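Protein chains: 2
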Amino acid sequence: MKTACLISTGTELLLGTTNDSNSTYIAERLFNRGIRVVGKVVVGDNHNTIKKAFENALDLADIVVSSGGLGPTRDDLTKEVACEVMGCDMLINMVEVQRLKDYFARRQRSMPESNLKQALFPPEAEIIYNSLGTAPGMYLKKDNKVLVLLPGPPREMEPMFKQEIEPRLERDFPQAVNRVIRRTIKILGPGESQLEKMLDSVMDAYPELAMALLAVDGEIHIKLTVEGQDINHSQELMEKVSQSIKESVGRHIVGYDDDSLVSVVARCLVETEKKLAVAESCTGGLLAKMITDLPGSSEYFWGSVTSYSNEAKMLYLDVKRETLEKHGAVSPEVAREMAQGMQKKSGAELALSITGIAGPNSDAKEKPVGLVYICLAAGDLLQVKEMHFVGNRESIRILAAKTALDLLRRHLINGGR
Amino acid sequence: MKTACLISTGTELLLGTTNDSNSTYIAERLFNRGIRVVGKVVVGDNHNTIKKAFENALDLADIVVSSGGLGPTRDDLTKEVACEVMGCDMLINMVEVQRLKDYFARRQRSMPESNLKQALFPPEAEIIYNSLGTAPGMYLKKDNKVLVLLPGPPREMEPMFKQEIEPRLERDFPQAVNRVIRRTIKILGPGESQLEKMLDSVMDAYPELAMALLAVDGEIHIKLTVEGQDINHSQELMEKVSQSIKESVGRHIVGYDDDSLVSVVARCLVETEKKLAVAESCTGGLLAKMITDLPGSSEYFWGSVTSYSNEAKMLYLDVKRETLEKHGAVSPEVAREMAQGMQKKSGAELALSITGIAGPNSDAKEKPVGLVYICLAAGDLLQVKEMHFVGNRESIRILAAKTALDLLRRHLINGGR
Numbered sequence: 008m009k010t011a012c013l014i015s016t017g018t019e020l021l022l023g024t025t026n027d028s029n030s031t032y033i034a035e036r037l038f039n040r041g042i043r044v045v046g047k048v049v050v051g052d053n054h055n056t057i058k059k060a061f062e063n064a065l066d067l068a069d070i071v072v073s074s075g076g077l078g079p080t081r082d083d084l085t086k087e088v089a090c091e092v093m094g095c096d097m098l099i100n101m102v103e104v105q106r107l108k109d110y111f112a113r114r115q116r117s118m119p120e121s122n123l124k125q126a127l128f129p130p131e132a133e134i135i136y137n138s139l140g141t142a143p144g145m146y147l148k149k150d151n152k153v154l155v156l157l158p159g160p161p162r163e164m165e166p167m168f169k170q171e172i173e174p175r176l177e178r179d180f181p182q183a184v185n186r187v188i189r190r191t192i193k194i195l196g197p198g199e200s201q202l203e204k205m206l207d208s209v210m211d212a213y214p215e216l217a218m219a220l221l222a223v224d225g226e227i228h229i230k231l232t233v234e235g236q237d238i239n240h241s242q243e244l245m246e247k248v249s250q251s252i253k254e255s256v257g258r259h260i261v262g263y264d265d266d267s268l269v270s271v272v273a274r275c276l277v278e279t280e281k282k283l284a285v286a287e288s289c290t291g292g293l294l295a296k297m298i299t300d301l302p303g304s305s306e307y308f309w310g311s312v313t314s315y316s317n318e319a320k321m322l323y324l325d326v327k328r329e330t331l332e333k334h335g336a337v338s339p340e341v342a343r344e345m346a347q348g349m350q351k352k353s354g355a356e357l358a359l360s361i362t363g364i365a366g367p368n369s370d371a372k373e374k375p376v377g378l379v380y381i382c383l384a385a386g387d388l389l390q391v392k393e394m395h396f397v398g399n400r401e402s403i404r405i406l407a408a409k410t411a412l413d414l415l416r417r418h419l420i421n422g423g424r
Numbered sequence: 008m009k010t011a012c013l014i015s016t017g018t019e020l021l022l023g024t025t026n027d028s029n030s031t032y033i034a035e036r037l038f039n040r041g042i043r044v045v046g047k048v049v050v051g052d053n054h055n056t057i058k059k060a061f062e063n064a065l066d067l068a069d070i071v072v073s074s075g076g077l078g079p080t081r082d083d084l085t086k087e088v089a090c091e092v093m094g095c096d097m098l099i100n101m102v103e104v105q106r107l108k109d110y111f112a113r114r115q116r117s118m119p120e121s122n123l124k125q126a127l128f129p130p131e132a133e134i135i136y137n138s139l140g141t142a143p144g145m146y147l148k149k150d151n152k153v154l155v156l157l158p159g160p161p162r163e164m165e166p167m168f169k170q171e172i173e174p175r176l177e178r179d180f181p182q183a184v185n186r187v188i189r190r191t192i193k194i195l196g197p198g199e200s201q202l203e204k205m206l207d208s209v210m211d212a213y214p215e216l217a218m219a220l221l222a223v224d225g226e227i228h229i230k231l232t233v234e235g236q237d238i239n240h241s242q243e244l245m246e247k248v249s250q251s252i253k254e255s256v257g258r259h260i261v262g263y264d265d266d267s268l269v270s271v272v273a274r275c276l277v278e279t280e281k282k283l284a285v286a287e288s289c290t291g292g293l294l295a296k297m298i299t300d301l302p303g304s305s306e307y308f309w310g311s312v313t314s315y316s317n318e319a320k321m322l323y324l325d326v327k328r329e330t331l332e333k334h335g336a337v338s339p340e341v342a343r344e345m346a347q348g349m350q351k352k353s354g355a356e357l358a359l360s361i362t363g364i365a366g367p368n369s370d371a372k373e374k375p376v377g378l379v380y381i382c383l384a385a386g387d388l389l390q391v392k393e394m395h396f397v398g399n400r401e402s403i404r405i406l407a408a409k410t411a412l413d414l415l416r417r418h419l420i421n422g423g424r
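Which chain is which? The protein sequence lines are F and B, in order.
For the first sequence, this note's numbering begins at 8 and goes up steadily by one.
For the second sequence, this note's numbering begins at 8 and goes up steadily by one.
The set of hints was computed from the structure by calculation and includes no laboratory data.
Wrong hints could be hidden among the right ones.
Because identical chains share one entry, a pair is satisfied inside a single copy or across any pair of copies.
[As the list claims (entries may be wrong)] Below, computed lysine to any residue pairings styled on SDA-like, alpha-carbon distance capped at 20 Å: (1) K351 <-> M321; (2) K59 <-> D69; (3) K169 <-> F180; (4) K169 <-> T24; (5) K148 <-> C95; (6) K124 <-> E91; (7) K372 <-> S305; (8) K351 <-> L322; (9) K9 <-> L202; (10) K374 <-> S200; (11) K9 <-> M218; (12) K124 <-> L322; (13) K372 <-> E215; (14) K374 <-> S304; (15) K230 <-> G140.
All figures in this text were calculated on a predicted structure; none of them were measured in a lab.
If we strip away everything but chain F, and leave its shape as in the complex, we get (with noise of 0.2 Å):
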């Protein structure tokens, strides 16, 4: 398996206000490759210090992905120090001078003197273009090593690895290409440990397989990998896995990979041709952002209200003045006022509502933090449940929205019964 070592260069990432997002992303770029990352490394902009980084990196890996220090300014050092370390000279190139004088034609400036480094490469290296900035990336094989230097803004740096490199690396790496198979399934209902009992059997019987659990917003993802020189072998092993887990945590399934609560819901809901409108408490307005989040939801969001205080409940969704006063805001009977007032007031057939206790603190000592009531109003139907979530005041929000989602979801997908 080819190896590679990352290096991130900029004075800016070592003062603790900006994480090495650029790393993160060529890491499982290569991972999903089949090339292993076996180090990451952040220096300054500091000559002896890149060297050193170059070095070891060099030392440790076939690969060496750099970003960072391509700019026109005395700071900049990268591409200086890399092919100092690769023994390879640098010579002007014409094109790239070309270029560059374009690039600041076109914005009505001319060139400063400085940029012209920005046109030096070694001319054995192949040179990245970046469409979208000054610094052309390289790209360099020499001595069974590879050594590819990009800039370091992201929107810069992402389209020039994904077009310029991986096809690069795909023509020197053949072998390394399309070993990984991932896919992650997201589940929402049973916690860590419950869903790793449920699952047990199924890691059991394929040790091949690698699985993880990570909780993500209240969801847990299951993350599965296969690795293997066989890929057909890999994505039977996949599909068999897959199968596996659907038979046993099925309706606990939200969706895969690129899936969301929300645009599995709005899937459902485009196809059965249904609206919904909402009416929220204690989540204040976050369970309709979540669903107007999607670009087209107009198609089937009426609306929702936000009915934070007693007067914008009873005003806007009839919520009985006896029924908050005999049992409170958070109360199954106000959650179920609101739905079924939402629901009548939009001509919606459908209808969510909750309320409850975001905390930090509560009023009433019988009804703790994290304490929500969530109806759905489905036509007919009316369906209560009382949750008891744990965490601070913004996770309780966030499960308190993604939990009606997922009573909405569940209903859509037993066909609205």
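Based on these hints, arrange chain B on the given structure of chain F.
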């Protein structure tokens, strides 16, 4: 100036699914103490790679801080390798053995044999207590170098660093402490280059002060840093510069450091005892969600309507059908009726409304994506703003919600006139 190098251990940090947030946290804390981070390294759970990382780090810097790899499994090699590199033997520490046993006893479990290695330490090291997990850290000063080992989970690492490591750094490097003063001034309104121009003269007048502009979700944060031996002088300088900036861009300043637009508006609402209600369209609940992110918002927030459909606008906000037909939902007229309707229905003195096109597509040719109307109804006053935002759906929605809050903020800080 003392230097530091950071090492993060963990194969999961090399797979491209997890950002190395520990090193960002530690870098910021060290920077604030006047210790310069010269490099960061991420390595997998591999003996040789870890060894090389420690050798290089100790070669490069005065202080080496590592996180991860202190668990009980065979993969957890950090302490063993680091001590090997430092030339220290490890002995079993009976106090730590007892602590581990207590930890498991409290959880009604017996301690697995493998956890014993977590009680191995060089006798010359200071053991750092971990109240949230089984892995203690260590602090070792030897041969003019300081070696710090901490566990990987951020919720264990962060309090240990803050409460246990920082006092020791202060003890061992008193000259490095408190030499850096930082302040963030948060701006909403002018663009980055416009702001730069407004600040040019300030910056020219104070060359000892470092300034960086950072774009954060529609705001621009002015990051000010003063470094110097004389803390009083630095503080004075920071005050002077803040005052100058206030004079140049005063009304665009949202707040300082931990302030947020929402918290500043909330403070004004509490002080003036005014109530706020909100009518949203394209932001789809985001503005209400932002307002209710703050605990205690029920004190001043009446509630909101997300009138995603025209029917919702008519039913809940008294927007007239003819206004919708004549001007379209995205128009200053509808924004005005939404705010007025919300104000009247809720009885709140203040109402904000937002209607616009968040994209990615627009139905109407003459109404491009990014066109947003925002209206503030404050008592009898009615103020409409037409905005042309650039960005994707998410950023347009954030900009719209923030601009609405900022309209309210400017109204409130002017004493509501």
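Checked hints:
1. With identical chains, the CA atoms of K351 and M321 are at most 20 Å apart both within one copy (14 Å) and between copies (15 Å).
2. Proximity of K59 and D69 under a CA criterion of 20 Å is satisfied in both settings, with 17 Å inside one chain copy and 17 Å between copies.
3. For the homomeric pair K169 and F180, the shortest alpha-carbon distance inside one copy (16 Å) is at most 20 Å, but the shortest distance between copies (45 Å) is not.
4. With identical chains, the CA atoms of K169 and T24 are at most 20 Å apart between copies only, with a shortest distance of 17 Å across copies and 27 Å within one.
5. Proximity of K148 to C95 under the C-alpha cut-off of 20 Å is restricted to the intra-copy arrangement: shortest distance 11 Å within a copy versus 42 Å between copies.
6. Proximity of K124 to E91 under the C-alpha cut-off of 20 Å is restricted to the intra-copy arrangement: shortest distance 15 Å within a copy versus 44 Å between copies.
7. Within a single copy, K372 and S305 get their C-alpha atoms only as close as 40 Å, which misses the 20 Å cut-off; across copies the closest is 18 Å, which meets it.
8. Taking the shortest alpha-carbon separations for K351 and L322, both the intra-copy value of 13 Å and the inter-copy value of 12 Å come in at or below 20 Å.
9. For the homomeric pair K9 and L202, neither the shortest alpha-carbon distance inside one copy (34 Å) nor that between copies (48 Å) is at most 20 Å.
10. Taking the shortest alpha-carbon separations for K374 and S200, neither the intra-copy value of 27 Å nor the inter-copy value of 51 Å comes in at or below 20 Å.
11. Taking the shortest Cα distances, K9 and M218 never come within 20 Å of each other, neither inside one copy (22 Å) nor across copies (43 Å).
12. For the homomeric pair K124 and L322, neither the shortest alpha-carbon distance inside one copy (68 Å) nor that between copies (64 Å) is at most 20 Å.
13. In this assembly of identical chains, the alpha carbons of K372 and E215 never lie at most 20 Å apart, being 51 Å within a copy and 55 Å across copies at closest.
14. Taking the shortest alpha-carbon separations for K374 and S304, only the inter-copy value of 19 Å comes in at or below 20 Å, while the best intra-copy value is 35 Å.
15. In the homo-oligomer, the alpha carbons of K230 and G140 never lie at most 20 Å apart, since the shortest distance is 35 Å inside one protomer and 25 Å across protomers.
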